[in-house]
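Participant: Could you put the whole structure together from the sequences, leaning on the hints where they help?
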Amino acid sequence: KCRRKFLWKQAEEITGASCKVNWPTVCTPTMHGGLGIPDLERFSRALRLRWLWIAWTGP
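Each residue of the sequence shown is one higher than the one before, starting from 41 at the first, in our numbering.
Simulated from the structure, these hints should not be mistaken for laboratory data.
Glycine included, each C-beta is placed from N, C-alpha and C at the ideal position.
Some hints here could point you the wrong way.
[Unchecked claim] With beta-carbon atoms standing in for the labels, derived distance ranges:
hint: 1; residue 1: I94; residue 2: H72; range: 30 to 36 Å
hint: 2; residue 1: G98; residue 2: V61; range: 39 to 45 Å
hint: 3; residue 1: W93; residue 2: H72; range: 26 to 32 Å
hint: 4; residue 1: W91; residue 2: N62; range: 28 to 34 Å
hint: 5; residue 1: P64; residue 2: R88; range: 20 to 26 Å
hint: 6; residue 1: T70; residue 2: W96; range: 33 to 39 Å
hint: 7; residue 1: I94; residue 2: G73; range: 34 to 40 Å
Facilitator: Written as structure tokens, this is what we have:
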């Protein structure tokens, strides 16, 4: 959320009306017309699932 706020308004508080581009477009890879900024929610979810998988299958 901090990245999102700074990217479009450079302020602590932001409303939807201040955004120039929607967040899914920002997270789209540059080769597909986005800015290539990683989606931290998706990354966090994948990392937690990986940790669970390692804990479940580990020795």
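Participant: Hint by hint, note whether the structure agrees.
Facilitator: These are the hints, each one checked on the structure:
At about 31 Å, the CB distance of I94 to H72 agrees with the hint of 30 to 36 Å. In this structure the supplied range 39 to 45 Å holds for G98 paired with V61, their Cβ-Cβ distance being about 41 Å. A C-beta distance of roughly 29 Å is found between W93 and H72, which places it inside the suggested range of 26 to 32 Å. For the pair W91 and N62, the beta carbons lie near 30 Å from each other, so the given range of 28 to 34 Å is met.
The given range of 20 to 26 Å is respected by P64 and R88, whose C-beta atoms sit roughly 21 Å from each other. Separation of T70 from W96 is about 35 Å and conforms to the stated range, judged on CB atoms against 33 to 39 Å. Between I94 and G73 the CB atoms are about 35 Å apart, so this pair conforms to the stated range of 34 to 40 Å.
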